[in-house]
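Number of protein chains: 2
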Amino acid sequence: MTSSTEGSVRILPLGGLGEIGMNLMVYECQGKLLVFDTGLTFPSPDTPGVDVIIPDIRWLEERKQDVVGIILTHGHEDHIGALPYVWPRLESPIFGTAFTLGLVKMKFKEHDLSTATIREVRHREAFQVGPFNLIFIHVTHSIVDASAVAIRTPIGTLLHSGDFKFDHTPVNGLTSDLFSLAKLGEEGVLALLSDSTNVDRSGSSRSESSVRPALDEQMARAQGLVVCATFSSNIHRIQQIVDSAIAHGRKVVLNGRSMEANVGVARELGFIRLDGDDLVTVKSIKNHERHRLCIISTGSQGEPNSSLMRIAHQEHRDIILGAGDMVILSSKFIPGNERAIWSLINLLYERGVEVVHEKDNPHIHVSGHAPADDLKTMLALTKPRFFIPMHGEPRHLHLHRKLALAMGVAEERSLVMENGDLVELTPNHISIIDRVEHGRVFVDGKGVGDICDIVMRDRRHLSEDGMVVVVMVVAKDGGQLLEGPEILTRGVIHEDENPQMLEEMRETVAQALAIGAKGMDFNEDEQVGASDIAVRALRRFFKKRLGRRPVVLPMVMEM
Amino acid sequence: MTSSTEGSVRILPLGGLGEIGMNLMVYECQGKLLVFDTGLTFPSPDTPGVDVIIPDIRWLEERKQDVVGIILTHGHEDHIGALPYVWPRLESPIFGTAFTLGLVKMKFKEHDLSTATIREVRHREAFQVGPFNLIFIHVTHSIVDASAVAIRTPIGTLLHSGDFKFDHTPVNGLTSDLFSLAKLGEEGVLALLSDSTNVDRSGSSRSESSVRPALDEQMARAQGLVVCATFSSNIHRIQQIVDSAIAHGRKVVLNGRSMEANVGVARELGFIRLDGDDLVTVKSIKNHERHRLCIISTGSQGEPNSSLMRIAHQEHRDIILGAGDMVILSSKFIPGNERAIWSLINLLYERGVEVVHEKDNPHIHVSGHAPADDLKTMLALTKPRFFIPMHGEPRHLHLHRKLALAMGVAEERSLVMENGDLVELTPNHISIIDRVEHGRVFVDGKGVGDICDIVMRDRRHLSEDGMVVVVMVVAKDGGQLLEGPEILTRGVIHEDENPQMLEEMRETVAQALAIGAKGMDFNEDEQVGASDIAVRALRRFFKKRLGRRPVVLPMVMEM
Numbered sequence: 001m002t003s004s005t006e007g008s009v010r011i012l013p014l015g016g017l018g019e020i021g022m023n024l025m026v027y028e029c030q031g032k033l034l035v036f037d038t039g040l041t042f043p044s045p046d047t048p049g050v051d052v053i054i055p056d057i058r059w060l061e062e063r064k065q066d067v068v069g070i071i072l073t074h075g076h077e078d079h080i081g082a083l084p085y086v087w088p089r090l091e092s093p094i095f096g097t098a099f100t101l102g103l104v105k106m107k108f109k110e111h112d113l114s115t116a117t118i119r120e121v122r123h124r125e126a127f128q129v130g131p132f133n134l135i136f137i138h139v140t141h142s143i144v145d146a147s148a149v150a151i152r153t154p155i156g157t158l159l160h161s162g163d164f165k166f167d168h169t170p171v172n173g174l175t176s177d178l179f180s181l182a183k184l185g186e187e188g189v190l191a192l193l194s195d196s197t198n199v200d201r202s203g204s205s206r207s208e209s210s211v212r213p214a215l216d217e218q219m220a221r222a223q224g225l226v227v228c229a230t231f232s233s234n235i236h237r238i239q240q241i242v243d244s245a246i247a248h249g250r251k252v253v254l255n256g257r258s259m260e261a262n263v264g265v266a267r268e269l270g271f272i273r274l275d276g277d278d279l280v281t282v283k284s285i286k287n288h289e290r291h292r293l294c295i296i297s298t299g300s301q302g303e304p305n306s307s308l309m310r311i312a313h314q315e316h317r318d319i320i321l322g323a324g325d326m327v328i329l330s331s332k333f334i335p336g337n338e339r340a341i342w343s344l345i346n347l348l349y350e351r352g353v354e355v356v357h358e359k360d361n362p363h364i365h366v367s368g369h370a371p372a373d374d375l376k377t378m379l380a381l382t383k384p385r386f387f388i389p390m391h392g393e394p395r396h397l398h399l400h401r402k403l404a405l406a407m408g409v410a411e412e413r414s415l416v417m418e419n420g421d422l423v424e425l426t427p428n429h430i431s432i433i434d435r436v437e438h439g440r441v442f443v444d445g446k447g448v449g450d451i452c453d454i455v456m457r458d459r460r461h462l463s464e465d466g467m468v469v470v471v472m473v474v475a476k477d478g479g480q481l482l483e484g485p486e487i488l489t490r491g492v493i494h495e496d497e498n499p500q501m502l503e504e505m506r507e508t509v510a511q512a513l514a515i516g517a518k519g520m521d522f523n524e525d526e527q528v529g530a531s532d533i534a535v536r537a538l539r540r541f542f543k544k545r546l547g548r549r550p551v552v553l554p555m556v557m558e559m
Numbered sequence: 001m002t003s004s005t006e007g008s009v010r011i012l013p014l015g016g017l018g019e020i021g022m023n024l025m026v027y028e029c030q031g032k033l034l035v036f037d038t039g040l041t042f043p044s045p046d047t048p049g050v051d052v053i054i055p056d057i058r059w060l061e062e063r064k065q066d067v068v069g070i071i072l073t074h075g076h077e078d079h080i081g082a083l084p085y086v087w088p089r090l091e092s093p094i095f096g097t098a099f100t101l102g103l104v105k106m107k108f109k110e111h112d113l114s115t116a117t118i119r120e121v122r123h124r125e126a127f128q129v130g131p132f133n134l135i136f137i138h139v140t141h142s143i144v145d146a147s148a149v150a151i152r153t154p155i156g157t158l159l160h161s162g163d164f165k166f167d168h169t170p171v172n173g174l175t176s177d178l179f180s181l182a183k184l185g186e187e188g189v190l191a192l193l194s195d196s197t198n199v200d201r202s203g204s205s206r207s208e209s210s211v212r213p214a215l216d217e218q219m220a221r222a223q224g225l226v227v228c229a230t231f232s233s234n235i236h237r238i239q240q241i242v243d244s245a246i247a248h249g250r251k252v253v254l255n256g257r258s259m260e261a262n263v264g265v266a267r268e269l270g271f272i273r274l275d276g277d278d279l280v281t282v283k284s285i286k287n288h289e290r291h292r293l294c295i296i297s298t299g300s301q302g303e304p305n306s307s308l309m310r311i312a313h314q315e316h317r318d319i320i321l322g323a324g325d326m327v328i329l330s331s332k333f334i335p336g337n338e339r340a341i342w343s344l345i346n347l348l349y350e351r352g353v354e355v356v357h358e359k360d361n362p363h364i365h366v367s368g369h370a371p372a373d374d375l376k377t378m379l380a381l382t383k384p385r386f387f388i389p390m391h392g393e394p395r396h397l398h399l400h401r402k403l404a405l406a407m408g409v410a411e412e413r414s415l416v417m418e419n420g421d422l423v424e425l426t427p428n429h430i431s432i433i434d435r436v437e438h439g440r441v442f443v444d445g446k447g448v449g450d451i452c453d454i455v456m457r458d459r460r461h462l463s464e465d466g467m468v469v470v471v472m473v474v475a476k477d478g479g480q481l482l483e484g485p486e487i488l489t490r491g492v493i494h495e496d497e498n499p500q501m502l503e504e505m506r507e508t509v510a511q512a513l514a515i516g517a518k519g520m521d522f523n524e525d526e527q528v529g530a531s532d533i534a535v536r537a538l539r540r541f542f543k544k545r546l547g548r549r550p551v552v553l554p555m556v557m558e559m
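Quick mapping for you: the protein sequence lines, in order, are chains A and B. When the letters of the first sequence are read in order and numbered with full-length UniProt numbering, they come out as residues 1 to 559. When the letters of the second sequence are read in order and numbered with full-length UniProt numbering, they come out as residues 1 to 559.
Treat the hints with care, as some may be off.
The list cannot tell twin chains apart, which means a pair is met if one copy fits it or any two copies do.
[Unchecked claim] Dumping the calculated DSBU-like pairs for lysine-lysine here, alpha-carbon to alpha-carbon at most 35 Å:
1) Lys251 <-> Lys109
2) Lys32 <-> Lys402
3) Lys286 <-> Lys251
4) Lys359 <-> Lys402
5) Lys332 <-> Lys446
6) Lys109 <-> Lys543
7) Lys544 <-> Lys109
8) Lys402 <-> Lys109
It should be emphasised that the hints constitute simulated quantities derived from the structure, not laboratory data.
Let's have the full structure, built from the sequences with the hints guiding it.
Structure (C-alpha cells):
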C-alpha cells in the first residue's frame with residue numbers, strides 16, 4: 001500500500017472503534033502521519049491478570065520517520081494512558097492543553113521518561129505540524145481543558161470532536177466554543193469524526209453544575225462523616241464537592257493516591273479553587289469532629305485494592321465508617337464494574353452506612369458525553385460533507401451513522417470503520433481501501449506484549465477446568481517406565497479431601513501404559529509415546545468420572 | 001442447640017439472604033422442619049468453570065427424619081433448580097401448584113428421579129404438613145401459578161411472600177389474591193417474610209399486559225424476520241408475543257430447548273393458548289416468507305452456547321439474519337450478564353439487524369418483582385407484628401426493613417438475617433439465637449461439592465498469573481540431582497515466542513540448586529529441600545524479570 005496522494009487524506013483507527021477505550025486514530029496527509037490520542041483500556045474477565053491493554057502500534061513504528069506529532073484531545077486514561085508505552089517507540093512531539101500536559105508530565109516522571117518534546121497548545125491558536133494546520137477548540141467534558149481539533153489539510157478541513165458534550169452552564173463558566181465550531185461549518189467541513197459513546201441516550205446534556213444541588217441536599221442531611229467518591233480527573237466535580245462541603249461547614253480530606261496527585265496538578269495550574277486552610281490530611285482526621293469533615297476519595301468503581309474498599313472492609317487505619325455516616329458515589333457505574341460496585345455498596349450497608357449512588361439518585365452524577373441531541377447540534381453546527389462515527393461499540397457507531405443520515409449526510413458519504421480499516425477520503429469520495437495490522441497489547445507487570453491472545457486463552461481454560469500434570473521417568477533406550485507416574489493438580493479437585501482421586505489417576509495412567517496404545521483410537525500411522533497415552537488416559541478419566549476437561553500436561557524425563 | 005420449643009417457631013435461611021438466587025428457607029415448629037424452595041444460582045467470574053451453585057444442606061441432612069416437606073412457591077430456577085440435588089438427600093414430599101410441578105417433573109425425568117412424592121396443591125385450599133397448616137395464595141409474578149404461602153402454627157400465622165408483584169391487569173386475568181392476604185391481615189399475621197428484590201425501585205408495578213402495545217409497535221413496523229427473545233418460563237410474555245405475532249400475520253417458531261419444553265408443559269396444562277396451526281418448526285422456516293414469521297427464542301442473556309448467539313455469529317443452520325430483520329430482547333439485562341448481552345447486540349448490529357432492548361425501550365420488558373409501593377401494599381394488607389425481609393442482597397434487605405419500620409413495624413420486631421442465622425420467633429420476641437453450618441456447593445460436570453472455595457481460589461490464581469511446574473529427578477540417598485530441572489508453563493508467557501525465557505528459568509533453578517539454600521532467607525531451622533530452593537528461585541525470577549506471581553509447583557521424583 002502506497003502513501004496517501006496529493007488529493008486525499010487517509011484515516012486509520014488503531015483503537016477505539018468498535019470498543020470503548022484505547023483510543024488511537026491516525027491521519028495521513030502527503031505521506032506524513034499525525035496520531036490522535038494514545039489511550040489504554042482496562043482488563044475484563046476475558047483478559048484475566050492483565051494490568052492494562054494498549055493498542056498494537058507496529059504499523060506506526062514501521063513508519064516512525066513519517067510521524068510528525070501526537071495530539072492529545074484531553075487527559076483521560078483512555079486517551080493518554082498508553083503514552084508511556086507508545087511515545088518511546090515513536091519519539092514524536094506531543095501537543096496538548098495545559099491540564100492534559102500536567103497529567104502527562106506526571107505520568108512521564110513515573111515512567112522515568114524525558115518530557116523534552118511536550119508542547120503546550122492554547123485554544124483557538126492555529127499551529128502547523130507537518131502538512132497539518134491544527135486548531136484546538138474548547139469543548140466541555142468530564143475533565144477540564146478538553147478539545148475538539150480542526151485539522152486543515154490541502155483537500156479540506158476535518159474535525160475530530162474528541163470526547164465532548166455541550167454544557168451551557170459549566171462549573172468554571174467556560175462553555176464549548178460554539179462560535180469556532182459554527183465558523184468551521186460556515187467555511188466548510190469536509191469530514192466530521194464525532195464521539196458516539198452516548199448516542200443511545202435521548203435528549204440533550206445535563207449540565208455538570210446540576211450535580212451541585214444534589215450534593216447540597218445530601219450534605220445538608222448528613223449526620224456523621226461524609227465520604228464522596230468520584231473520578232480523580234473530574235476536577236469540576238471535585239470543585240463542586242469541595243464547595244458543597246465548605247458551604248455545609250465541613251473541611252475537605254483528599255484520599256487516594258491519584259486524587260491527591262490530580263488535585264495537586266489542578267491547584268498548581270489554577271483549575272481548582274481550594275484553600276489550604278480547608279484541607280485536612282488523612283492522618284489528622286481523628287483530630288476533627290466527624291460532621292465537620294468530607295473525605296473526597298477514589299475507589300468509586302469498587303476496585304478491590306482501593307482505599308474505599310479497604311474502608312468498607314474495615315481495614316483502613318484512619319477512616320472507620322459506621323451507622324450515621326454517609327458514602328456518596330458521585331460517579332458512573334462503568335459497564336463491567338457493576339458487580340464490584342454493588343459489593344462495595346453491600347459492605348457499606350452491612351456496616352449501617354447510608355450509600356447514595358446514581359442508580360437510586362440519578363442527579364448525583366452526570367455523564368461527560370454528548371447524548372443524541374448534542375450530537376445533532378454538533379452536526380448542525382459543522383454541516384460536514386462526510387461523516388465518520390468514532391469512540392464506541394458497533395451499536396453506537398451504527399446508531400450514530402443513522403443519526404447523521406437523518407440529519408442529511410448522504411449515505412455514500414458516511415461509513416462505519418473498524419480498528420485497522422484504512423480509509424481514503426477525497427473531496428468527493430470515501431472508502432475503505434485496506435486493512436492494516438492492529439490489535440491489543442497486554443501489559444502485565446513488567447511485560448509489554450509478551451502475553452498474547454493464546455496465553456489469555458490458556459489462562460481462561462486453566463480457570464475454568466484447572467490443570468493436571470503427569471510426570472514420568474522413562475529409559476532413554478526403549479522407553480521403559482523407570483519412575484512415576486506422579487500426578488499434580490491445581491483447580492481441579494480439592495486434593496486433601498479427595499486423596500483417593502489422585503490414586504485413581506495414577507492407577508489409570510499406569511494401567512494405560514501397561515496396556516499400551518491399542519484400543520485408544522490413535523491413528524494407525526501415529527507415533528505414540530508414553531506421554532500421549534498418559535494424556536489420553538487422563539482426559540478419558542476426567543470426562544467419564546467427573547464430566548470435566550482440565551488442561552492435561554505431560555512431562556516425560558528420559559534417563 | 002435443641003429443637004424449637006412449644007411456644008416458638010424457628011426460621012433458618014440456608015440460601016437467598018444477602019444474595020440474589022439460591023433460595024432455601026427452613027421453618028421449624030415442634031421439632032419438625034419445613035423447607036421452602038430449593039433454588040440454584042449461576043456462576044460469576046469469581047467461580048470460573050462451575051455449572052451451577054446450590055445451597056449446602058448438611059444441616060438439613062443431619063435432621064432428615066424431621067423434615068416433613070418441601071414447599072415450592074413457583075417454578076423459577078432460583079427456587080426449584082437445586083431440587084434434583086436436594087431431594088435425593090431428604091426424600092420429603094414436595095408440594096406445589098400445577099405449573100411448578102410440571103417443570104419439576106420434567107427436571108426429575110432428566111435426572112432419572114422418581115416423582116412419587118410430588119403432591120399438587122390448589123390455591124386457597126388449606127392442608128396439613130406435620131405441625132404446619134398451609135394455604136397457598138395466588139400472586140402475580142413473571143411465571144404463572146406462583147404463590148405466597150400462609151403458614152399457620154400454634155403460635156400464629158407466618159406469611160412467606162414468595163416472589164411476587166401486584167399486577168392488577170395480568171394477561172390471564174388472574175390477579176394476586178388480595179382478599180386472602182387481607183383476610184390473613186384481619187385475622188392477624190405474626191410475621192411477614194417478604195421479597196426484597198426490587199425494594200430500591202419506587203412506585204408500583206408496571207403490568208405484564210403493558211408489554212403488549214410495545215410488542216405490537218415493533219411487530220407493526222418490522223419488515224423482515226422477527227426474533228423475539230425472552231425467558232422460557234415467562235409464559236405470559238410468550239403468550240403476548242404469540243398473540244402480537246398472529247395479530248400481525250406472522251406464524252410462530254419456538255427456538256431453543258427450554259423454550260420448546262416449557263411451552264410444551266404450559267400447553268399441556270392449559271396455561272397458554274397456542275394453536276398448532278400457528279406453529280412452524282425451525283426446520284421449515286425456509287418454506288415461509290420472512291415477514292410472515294416470528295421466532296420466539298431463548299438466549300436473551302447472551303449465553304455463549306445459546307441458539308441466539310449462534311444466530312448472531314452466523315453459525316445457525318436454519319436461521320440467518322441480516323439487514324431488514326429485527327431482534328427484540330423482551331427481557332431483563334440480568335446483573336452480571338451486561339457484557340455478554342451487549343456483545344450479542346453488537347454482533348447483530350454488525351450484520352445490519354435492528355435490535356430492540358429494554359435499555360433503549362423500557363416498555364419492551366417489565367419486572368416480576370414488587371417495587372417499593374407494592375411492598376408497602378403487602379405490608380398494609382397483612383399488618384404483620386414481625387417483619388423479616390428476604391430474597392435480596394444486604395442493601396435490599398436493609399432498605400426493605402427501613403420501609404417496614406416507616407410503615408409502623410416496631411424496630412425490635414424486625415431484623416435483617418443472613419444465611420445460616422437461626423432465628424427464634426415467639427409471639428412477643430424475635431432474635432438470632434445461633435449460626436449454623438451453611439454455604440455454597442459447586443456443581444461442575446458430574447461433581448457435586450468436590451470443588452470448594454480453595455479450588456476456586458486456585459482457579460482464579462491460575463487465571464491471573466498462569467502456572468509454572470518445575471520437575472527434577474534426585475537420588476533417593478543424598479538428594480543429588482540426576483535429571484532436570486525441566487520447566488513447564490501455561491498462561492505465563494507465550495513459550496513459542498519466548499523460548500529463551502524457558503532456558504533462563506532452567507538456568508535460574510540449576511544455579512540456585514548448585515549454590516544451595518544459603519542467602520535465600522529461609523529460616524535457620526527450616527528443613528530445606530531441592531523443591532523449596534527451586535520454587536523460591538523461580539518466584540524471585542518472575543518477580544524481578546516480569547513483575548508477576550505465577551503459581552509455582554515443584555515435582556521432585558526420587559530414584
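Against the structure, the hints come out as follows:
In the homo-oligomer, the alpha carbons of Lys251 and Lys109 lie at most 35 Å apart inside one protomer (31 Å), although the nearest pairing across protomers, at 66 Å, exceeds that limit. Taking identical chains as interchangeable, the C-alpha atoms of Lys32 and Lys402 lie at most 35 Å apart only when both belong to the same chain, with a minimum of 32 Å there against 65 Å between chains. Within a single copy, Lys286 and Lys251 get their C-alpha atoms as close as 13 Å, which meets the 35 Å cut-off; across copies the closest is 71 Å, which misses it. Taking identical chains as interchangeable, the C-alpha atoms of Lys359 and Lys402 lie at most 35 Å apart whether they share a chain (29 Å) or sit on different chains (18 Å).
Taking CA atoms no more than 35 Å apart as the test, Lys332 paired with Lys446 passes inside one copy only; the shortest distance there is 30 Å, against 41 Å between copies. In the homo-oligomer, the alpha carbons of Lys109 and Lys543 lie at most 35 Å apart only across protomers (23 Å), although the nearest pairing inside one protomer, at 53 Å, exceeds that limit. In the homo-oligomer, the alpha carbons of Lys544 and Lys109 lie at most 35 Å apart only across protomers (21 Å), although the nearest pairing inside one protomer, at 57 Å, exceeds that limit. For a Cα distance limit of 35 Å, the shortest separation of Lys402 from Lys109 qualifies neither inside one copy, at 44 Å, nor across copies, at 50 Å.
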